[in-house]
Structure formats: structure tokens, C-alpha cells
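Peer 1: Same order as they appear, the protein sequences are chains A and B.
Position 145 of the first sequence, counting from 1, maps to 145 under this note's numbering, and the rest follow consecutively.
Position 296 of the second sequence, counting from 1, maps to 296 under this note's numbering, and the rest follow consecutively.
You may find that some hints are simply not true.
Where chains are identical, the list cannot tell them apart; a pair therefore holds if satisfied intra-copy or between any two copies.
[Claimed, not checked] No more than 27 Å apart at the CA atoms, straight line, and that leaves these computed lysine-lysine pairs for DSSO-like:
| hint | residue 1 | residue 2 |
| --- | --- | --- |
| 1 | LYS43 | LYS308 |
| 2 | LYS252 | LYS262 |
| 3 | LYS287 | LYS183 |
| 4 | LYS262 | LYS183 |
| 5 | LYS262 | LYS345 |
| 6 | LYS262 | LYS103 |
| 7 | LYS106 | LYS216 |
Calculated from the structure, these hints are not laboratory results.
There are 2 protein chains.
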Amino acid sequence: MKVFNFNAGPAMLPTSVMERAQKEFCDYHGTGCGILEHSHRGKDFQAVLDHTNQNIRDVFGVSDAYDIVYIQGGASMQFAMIPMNLMNTGAADYVDTGTWSSKAMKEAKLFGEVRVAAQSKDTKYDHIPAFDTWKLSDDASYVHITSNNTIYGTQYQDFPTTKAPLIADMSSDIMSRRVDVSKFGMIYAGAQKNLGPSGLALVIIRRDLVARTPEKVPTMLKYATYTENNSLYNTPPTFGIYMIGLVTDWIKEVGGLAELEKVNDAKAALLYQAIDDSNGFYSTPVKKCSRSKMNVVFRLPTEELEAKFLELVKANGMIGLKGHRSVGGMRASIYNAMPMEGVEKLVTLMNEFRKNN
Amino acid sequence: MKVFNFNAGPAMLPTSVMERAQKEFCDYHGTGCGILEHSHRGKDFQAVLDHTNQNIRDVFGVSDAYDIVYIQGGASMQFAMIPMNLMNTGAADYVDTGTWSSKAMKEAKLFGEVRVAAQSKDTKYDHIPAFDTWKLSDDASYVHITSNNTIYGTQYQDFPTTKAPLIADMSSDIMSRRVDVSKFGMIYAGAQKNLGPSGLALVIIRRDLVARTPEKVPTMLKYATYTENNSLYNTPPTFGIYMIGLVTDWIKEVGGLAELEKVNDAKAALLYQAIDDSNGFYSTPVKKCSRSKMNVVFRLPTEELEAKFLELVKANGMIGLKGHRSVGGMRASIYNAMPMEGVEKLVTLMNEFRKNN
């Protein structure tokens, strides 16, 4: 049986990408060894790195004003590196829209003053606060947001224009839609949802910001170490970068972000419709204006029915649908690699289950 | 033509490991998706993590007094994390035996006083200083050494007993021989030589040391974050951990470290003999007492002959033999995965080349 993997991350990758990586796993382009066995200083890996960088520029629309680097430690390491490097005024504005925003704020507090410009904590993170309610401060080093909230199922539908550089954690929706990169000072994303395997964060940083870093920051925690050495100061996670290269190849093949955005819109619309049309059998706590197209969270009338539903979907080859342990219920993560077929199959089961229960 | 990969790292992995990883790349144990697509919180990856941890305990002889964790950023990140977490007296002893020791010292200086207990810098890092010449200080937080020096081709033949916890960077010789782990406070190693793909460091740390960390260290840079959460505070590099599991499976299959040590001894002996018996055609700057069994560095009479030799070996399917850019010459990295056959082939070519030039 074909398995559909709705995990929130690490998540499924496009089938053709996995098959290509498998095919050349032991013998990369006739070199007699796998890409992960190649030196990071050799011409074969250099070509992979250059290709991946260029793909990201092409697909995501990243201008020369930005550097593209790969940093180990995931988004969680960025929560610390951002204030360590960029909080040059001693204060920064943060918008608190869930667990990941809060974690980013916790690390930033070690380095300076964290000002909550807006939050939805008071309503259990059920929406993204409207931009006109944000209280941005004049001397903030930057404004930090979380573009998609994996656990609570909310997502920014667009982005504000800010005076201080806007920094976005896009771990769970990067390259799922078109974004005007020029609005941002920095965009970062753990790779393990839309980009590749876990073990690195993609960091897109405006060149002028890199100079902010204070002197006494350790080498591996300075952005300049990565930007000045094209991610090759030390051995980078070569296999992860290679996989991002394959995934961005695939994005180009399927028509780029304009096309992916259409498919992602359609997938999410189908799922939310099944919820909205269920007469309350399925329900989502997320306000309509902030619904995530990547992580659709919903509940059933009782926990017993939820457990029963989870068994049914599993028996039908759909895994990873259990909600995050902090909120319970269901979560369907429908990143780029999830085909429409998987969502259709889930919706069919949801409708059947509702009729039978 | 079969290719023998003498790269210093990322390096070749055992053929059977690469083939097994390839076979189950898209469908891990019949789950319908690859291990790198599995959630790090699911039972399949949990089993991989537990298995890998146990393998390391079994193979390397790690007692319950130590925690085993996987930290992103390679050994270079450890250069900063060690002083950040463990330099509780404000000073530490370092033995400087080459580039990597120096880099570790540079980061430590950001956090306290670095005392050079011994060094071989004055003789171009051609040996490991004898233990009875070391000047260890009474109030050092720890003693830091580099067990094998990839660039200069030297290696500790045994280890001293120290009052302060001994911390060893074993990136390039971990699990290549038997080691008495109980002599150490901490052992760490970038994975990309003897253990698996690049993108993580294996850290084996004595439990009592973890409590030393000062309060204001960022979450992702605290050892306790990893030890208290079994490396699962955030998403770990799941594929890398899986690969270390396969590599340690392979070590068990071939008879454990006692057996690998014999093979590694024999491989190195063969290569050094070819150098020693060449009447000075091949020469190594490394003193006999400190010769590395992992990275054999040697020179030819002229740079022209070195270039010619590199062309010859490449034409014969041997790659990665060029020495590090900082020292020139040749470097044959003969980690665990390099079979005797590869070394024999290299030695045969060396002997032929010498006769013809």
C-alpha cells in the first residue's frame, strides 16, 4: 500500500527526489563514490553547492543583496544566533504567535531586551495579530516573526513593511508560496519540512546586517563565518545541501513557486472545506483569517473518536496525523511534497468517518 | 574501475553500509517512507537512536558514567561549546599539536585563560610532545588534546592520566582502535571520517561535567539540553544518526575494535614501509614515535614529481591523495572503511613510480 506521510517534520520529500537520491547514492555521477563520501573541498561538491545556491536564488527570488548560507543546528540554533549577532541596539521586537516564537524570545532575552510587539497568546494562539495593532519600537534592532506556526496551525497571509529589518522564521512554509524577499532583513528555515533532511537551517541574510556582529562571538556562531566562506569554513552538512539541491530542482520542474502555490492553495482549501462542511463534527480553533496552508489542525467531538479516527487513517496508509502533544487532536501537515492525491484520500476518509460516527 | 577514496573527510564509508542505506533509502523497514522522512518523535526513529547509542556503548566501551549525544556543527562547534560549558575555573590547559588544536584554543580564549601545557609548533608539528614534558596547571578546568592530527599526520599512541578531566578531539581516529574511555572527561568527534556523513559531532561526556554550565548559555549550546533530552530537544540530524548506527553495526560485524585495530595497524605499516624503504624518494616529516595510522603524509623529491604522481594515482582510480593546502605533498587518509586492498594498490603504484622516476 502506498503510504502518505503527514508528519510535521522531518516530513515526506517528493518521490522523484527520493528516487534520484537513491539511484546515485553509492555512485554520484560516475565518480565511484557517493556524494556524502566526497570531500567538501572537491569540485564535485563545489558544483552541488553552487547549483543549490543558484536554485534558491532562482526559485525564491533572492537578489544579490542577500547571502545564502547553510548553518547546522536547525532553527533552534538561529533563535540564539540572531540576537547574538544582530541585536546591536540592545533591544528587538518579537511577535509571539506560538511555541516557536516563544522559544525564539526566550533565547533573545539572554542578549537584550525583548519587546512583545504583538501576540495571540491570550486567545491560545488562534490567529496572527493584525499588523495595525503591532506596537513596534523605534530603536528595535529587528522585528522577529514566525511565518507559519506548525503547532497551532496559523500562518501569515502576507507580511508587513517594517522600519527595522524584518526577520522571519519560515521553517514550516518556506518555498510553499511566492514571497517578496526584499521585505526581509533575514529569512531562515530548518530544512526538514519543505527543503530536505533535518540537520541544517537555510539562512538568507541581507549583506549589510552581517557587519553587526560583536567581536567576541565564537567563530561558528558568527554569520560572517558562513557568508565569507560560502558555507565552507568547516565541513558543512554536505548530504543535506545536496538534497536541497534536488528538492529545488524538483520545484523548478513542477513550475516554480507560482505553480506550487496553486497546488498548496487547492490542497488546503479541500481540507478546510471538509472541516467547514462537517456541521461541527470536525472543528478547528484557528480563525479563518489566519489558517495555515501547511499544517491543518482540527479536532473531533471526543478524544475517543480521535483515537478511533487515527486508527482508521493508519490502516489506510496515512501516517503522522496525530496533533502535537501540547495541543492534542489532529494535524495534517501538507507541505510541498504531499500530493493532492494524499489530501483527497484523507478527505474521503474524513467524510466516511463522519457519516459512520 | 573500482575507486579508492583517500579523502581526509568527508571520507569513504564501508561499501556494505552504503549499499544497505541505498537499499532502504526510500522504504525504511517496510514503512513506506525513508528514515529521513520519519518524525524524530516516532517509534521508528526512536529505535534507530536507541540502537545507535547502544552500539557506541558496546563497540567503544562507554560506561553508564557517560552520556552519548549528537550535536550539530561538527568538532568546530565543540571548540566553542567546551569552554562555554566547562571552563568553570576560568582557565584550561591545551596541548597544541596542529591546526585543529590551535583552532580549539582560539575559541577557548574567548571564555578564559588558555594555557599551553605542551606544543610541537616549534618543530612544525612533527610529533606529539612526550607526556613527561607537559606543564599542567593545578587549577585547570580541563586538559584538551587532539588525538590525531589530520593535517600534520601525527597521532597520540596512548593517553596520559590527568588530574583535570581530559578532553579529546578524536574526530579523525575515533573507533579506529581500542581506547580506555574512563581516562577521559569528554571525547568528541566530527562524524565525517570514521562514523558517517558530515553534519554532526558525536559527544561522549562524563555525567558530572554537564552540571558545570553557567546559567546564561543559550539552550542549543548547553550540553544538558542534549543529555537531558537524549539528543531530542529539537530535531536532530536523523539521517546522520541512522548512518552512524549502520557504521557501528559494521564494526561489530567485522569483529569490533580489536579486529579493526589490527587491520589499521597493518595498513599503516605497509604504507610507512614503502616510505622508509624508498631511499628517501618518499619522505615524511613526522617523527616515528608519533606517526598517524589514519593520515599518512609524505612528500616526493620535487613538486613536479608530486603533480605527476597525483595524475598517475588518479588514472588508477585513487582519489583524494593531495595533501592539505597548508602543508602540500601527499596525504593518504586510511580510515576504517579503507580496505587493505586500497593500500596495497597505492603501495604498488608508489614502488613502480619510484623505479620509473
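Peer 1: Measure nothing new, just compare the shortest in-copy and cross-copy C-alpha distances for LYS106 and LYS216 to 27 Å and report within, between, both or neither.
Peer 2: Answer is both; intra-copy 21 Å and inter-copy 11 Å each pass.
Peer 1: Classify it for me, LYS262 with LYS345: is the Cα-Cα distance of at most 27 Å met within a copy, between copies, both or neither?
Peer 2: Within one copy only: 19 Å inside, 56 Å across.
Peer 1: How do LYS252 and LYS262 come out at 27 Å by Cα distance, when the copy is not named: within, between, both, or neither?
Peer 2: within (14 Å within a copy, 51 Å between copies)
Peer 1: Cα distance capped at 27 Å. Does LYS262 pair with LYS183 within a copy, between copies, both, or neither?
Peer 2: within (22 Å within a copy, 60 Å between copies)
Peer 1: For LYS43 and LYS308, with the copy left unspecified, which applies at a CA distance of at most 27 Å: within, between, both, or neither?
Peer 2: between (53 Å within a copy, 20 Å between copies)
Peer 1: First find the shortest C-alpha distance between LYS262 and LYS103 inside one copy, then the shortest across copies, and answer within, between, both or neither for a cut-off of 27 Å.
Peer 2: neither (32 Å within a copy, 49 Å between copies)
Peer 1: Within a copy, between copies, both or neither: where do LYS287 and LYS183 come within 27 Å Cα-Cα?
Peer 2: For LYS287 and LYS183, only the intra-copy Cα distance (25 Å) is at most 27 Å; the inter-copy one is 58 Å.
Checked against the numbered hints listed earlier, the structure breaks hint 6 alone; every other hint is satisfied.
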